[in-house]
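The primary structure of each chain is shown beneath.
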Amino acid sequence: MKILVPIKRVADANVKVRAKSDGTDVDLNNVKMAINPFCEIAVEEAVRLKEAGTATEIIAVSLGEKACQEQIRTALALGADRGILVETDVDLQPLGVAKALKAVIEKESPDLVILGKQSIDADNNQTGQMLGALTGLPQATFASELKIEDGKAVVTREIDGGLQTVSLSIPAVVTTDLRLNEPRYASLPNIMKAKKKPLETVTPEDLGVDVAPRLTTLKVEPPAERSAGVTVADVDELIDKLKNEAKVV
Amino acid sequence: MSILVIAEHDNSSLKSATLNAIAAGQAIGGDITVLVAGSDCNAAAEQAAKAAGVNKVLVADNAAYANMLAENVSLLTAELGKEYSHILAPATSNGKNIMPRVAALLDVAQISEIVSVESPDTFKRPIYAGNAIATVQSADAIKVITVRTTAFDAVAGEGGSASVETVDSAHDAGTSSFVGEELAKSDRPELTSAKVVISGGRGMQNGENFSLLEGIADKLGAAIGASRAAVDAGFVPNDMQVGQTGKIVAPDLYIAVGISGAIQHLAGMKDSKVIVAINKDEDAPIFQVADYGLVADLFEALPELDSKL
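Protein chains in written order, with the numbering used here: chain C, 1 to 249; chain E, 1001 to 1309.
Don't read these hints as lab results, they were simulated from the structure. Careful, some of the hints might be misleading.
[To be verified] In the DSSO-like style, the derived pairs of lysine-lysine whose C-alpha atoms are separated by at most 30 Å in a straight line are:
(1) 197/C <-> 99/C
(2) 219/C <-> 1273/E
(3) 1273/E <-> 32/C
Given these sequences and hints, build the entire structure.
So this is what it looks like as structure tokens:
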């Protein structure tokens, strides 16, 4: 079984990103970049399937500027076998990304595509589903458990009311939720080995896909600030405030 | 403009999130049609017809739509949706599962979790866990949108009298099947529509201690939530998670107990009207967003709060 793991380079999850004062975008100057946490879970799941003997090859693919190579190297250090960078300076949006991934799938014919359910920058939660639609493949989003049984992907999904299990024919698209696994740290020897693993670079033009953005960002602004609250001395004061000041109980 | 709203329902009843999405449709302006796709879903369709502001209800009653499998429902929605200028769904797990697929089938962008309508093609939506709000404009002929339900006041669930039409279209992609589900059973209000929410975090120490929240929740008619840390630690199930990637809530009163206030948790609750934080660490970031902060040991404060309310 061959697994394709698309990954995204994003601002590190611990950084509090702010809007620029001119309202054009967020300020990412000197911000530490990392692999999107949900994508890291996707890599880990693929590696576990390989360790279990289910998967034979893991391909990590990323899209964007040249620096995305760093995140592909991270995936290679975690256990992916080779990488593909679809290099472009275009403002990538989920539909364009899904089209490029479809082209990669046509070339690589993976049995499973595992990707993060959303990136923590744009918070779109779209790419996996769009990829499913464009390729006609079934999808299991928000996965908390993935099993390969009798040639099917049996996936438990985190849904609003609890958990749902679906069975998908293979090839299939799976997007990861937080509880699917806990990703490992890359060891130093593996980071060194990752530098020697193959990493191919292509462009959207090579793939013959149109990745032009469909949405224009007119403005990026900070959210409404909450005014500073007060510290109450004890439970009695808290109840008094809630009853008589806020009038919510 | 003509707007198609995808109903959130369980076949026997319409979920209130649908009423929030209809409200977003009204903010865009135009005729509003609600699609109820399901199996044996006439009861849900009849409720949708009574919702304020709805002109027409389409019912697609077919076994293929029974569990809202994205492969099937997206084919149906894309087929019907070609006739509309906007296709809306609440940003529930169903909406998020289905709508990007619909957009890709129509070769248009999808706009996630809008919090306001600026004009029929321009919307505001949170990015970076709500640390910034982006105003985005779509150049596509059809706008496919998920709606953050807490940002739009629900339309009335009664009083409307929309016509109900049956849609015969049956799409079964045949690539996925429903195996089963484990749904949490609770007599409490739903987290996303409750007027009061009380949530526990890592400070609760274990799942049993969440019972300390129950008496208070009963007295306040509150839903019980949790931080990601509490869910990751296995204290409580995933459907209780409030945060960037869990449920987004904006009740009149939100009580955070033993929750430090990580960015991704704040993203899920900071639009609440009144926020109370109870935490023994006075430096916890949760106090920066709280209207009322109580620095105390939750194991002493909760029983006291329970007895005095």
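Hints and how they fare:
1. 197/C <-> 99/C: holds, 26 Å
2. 219/C <-> 1273/E: holds, 26 Å
3. 1273/E <-> 32/C: violated, 34 Å
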